[in-house]
Amino acid sequence: MGTVLPPSVPSTSPSTSPSTSPATSPPAVGTDFVLMPALRELTGHLLWRAVARRRTVAAEVLPAGLDVHAYAALLALDCAGNPNGSSSRTQQQLARATGVSRTTMASVASGLAAGGLVERVRNPTDRRSYALVRTPSGTRAVTDWDVHLRRLGAGLATGLSADEQTELSSLLHELVSDELPTDLLPELHHTLGFLVGRAHARMHRELLEALTPWSLEPRHFGLLSILDAAGPITQAELSRYIGVSGPTVVQMVDDLQGLGLIERRRAPEDRRIHLLHMLTRAQQLLPKAAAVAHEVEGAVLADLTAQQQRRLRHLLARLVTGA
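Residue numbers (the numbering used here): 13 to 335.
To be clear, the hints were calculated from the coordinates, so they are not data collected in a lab. Heads up, a few of these hints could be off.
Here are the simulated distance ranges between beta carbons [unchecked claim]: (1) T224 <-> R52: 35 to 41 Å; (2) E179 <-> D90: 38 to 44 Å; (3) A335 <-> A125: 38 to 44 Å; (4) R293 <-> S173: 41 to 47 Å; (5) E186 <-> R162: 21 to 27 Å; (6) R322 <-> E191: 51 to 57 Å; (7) A248 <-> G334: 17 to 23 Å; (8) P225 <-> R52: 26 to 32 Å; (9) S141 <-> A241: 38 to 44 Å; (10) R52 <-> R277: 52 to 58 Å; (11) A118 <-> V262: 29 to 35 Å; (12) P75 <-> R283: 46 to 52 Å.
Note that the structure is a prediction, hence the values are computed from the model and not measured. All C-beta atoms in this analysis are idealised placements derived from N, C-alpha and C, irrespective of residue type, glycine included.
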């Protein structure tokens with residue numbers, strides 16, 4: 013299998029975007045989930061589902077303990093890829109190079125050091141601080157892990173041709189280019205999984221702020237959109253339509269029931285089954301939230317032409333479904 017991180021290394025979820033906390037990251041999606049036609053036009057939902065698919069593929073192809081942020085950090089410690097020509101970088105420099113937060117990089121660096129893959133040395137530009145260098149074991153780990161990361165990329169892009177993968181990466185890069193660190197690893201500028209995560213994080217952040225007046229989250233908006241299109245359905249059916257696990261749906265339904273927007277009612281034909289019904293307040297609120305979501309998506313996608321936006325949604329939908 014090759015070198016992997018020892019159990020003592022903290023694991024940062026491979027599918028968690030650098031700018032998105034685990035609480036807002038989409039849960040894993042199984043192959044039986046359905047992309048509802050009504051949601052194919054919602055770019056934010058497609059990005060959410062794309063990140064969920066990335067998590068699923070990562071769980072399937074990456075060996076236990078292999079962390080994509082750790083891999084990226086080791087890549088950044090290659091002196092050939094360092095703009096300064098040095099084999100050492102500070103944690104802050106590594107965070108910028110890999111596009112993660114300082115907090116995440118502190119955890120990653122600690123794990124790499126514990127695994128003997130990096131060591132701390134005096135910062136050559138500031139002897140009062142420390143930097144990290146890659147050990148021979150770290151160099152071997154990069155080689156060993158590379159095959160798994162290639163499998164992750166191939167699994168995520170199943171169904172897309174090489175040209176379509178390039179096109180989708182280019183469109184996603186256009187959405188987030190103004191937010192990327194200037195010293196980001198060159199490889200990440202073209203990595204589909206990384207760009208999906210960054211685009212999702214930006215869309216989620218903007219939409220979350222816009223929906224705050226109604227105490228809604230983007231995932232709640234997606235749930236209400238499905239109920240509006242599908243009518244009363246069970247939680248199991250909703251799980252398939254929205255692309256999240258059963259327990260997550262229960263939490264989301266509880267949230268919206270607490271807000272007085274939906275309720276569970278027993279099915280007349282089978283009292284053992286509960287159906288989810290939108291209440292009047294939700295029916296009045298959804299058009300307003302939809303209008304706000306449309307404005308947010310328009311702002312985030314403003315640098316893309318109408319044709320490019322259609323292509324983005326088309327390619328994301330194919331990435332989500334693997335077809």
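Hint check:
1. The hinted range of 35 to 41 Å is not satisfied by T224 and R52, whose Cβ atoms lie roughly 26 Å apart.
2. Remark: the range hint 38 to 44 Å for E179 to D90 is contradicted by a beta-carbon distance near 29 Å.
3. Between A335 and A125 the beta carbon distance is about 43 Å. The supplied range of 38 to 44 Å therefore holds.
4. The hinted window of 41 to 47 Å between R293 and S173 holds, with their beta carbons roughly 46 Å apart.
5. The given range of 21 to 27 Å is respected by E186 and R162, whose C-beta atoms sit roughly 25 Å from each other.
6. Distance hint check: the CB atoms of R322 and E191 are about 23 Å apart, inconsistent with the given range 51 to 57 Å.
7. About 22 Å separates the C-beta atoms of A248 and G334, a value consistent with the hinted range of 17 to 23 Å.
8. Checked against the hint of 26 to 32 Å, the C-beta distance between P225 and R52 comes to roughly 27 Å, which is consistent with it.
9. Range check, S141 to A241: Cβ separation about 55 Å, and the 38 to 44 Å hint is violated.
10. Between R52 and R277 the beta carbon distance is about 29 Å. The supplied range of 52 to 58 Å is therefore violated.
11. Separation of A118 from V262 is about 34 Å and conforms to the stated range, judged on CB atoms against 29 to 35 Å.
12. The hint said 46 to 52 Å for the Cβ distance between P75 and R283, and at roughly 47 Å that hint holds.
This entry does not satisfy hints 1, 2, 6, 9 and 10, going by the numbered hints stated previously.
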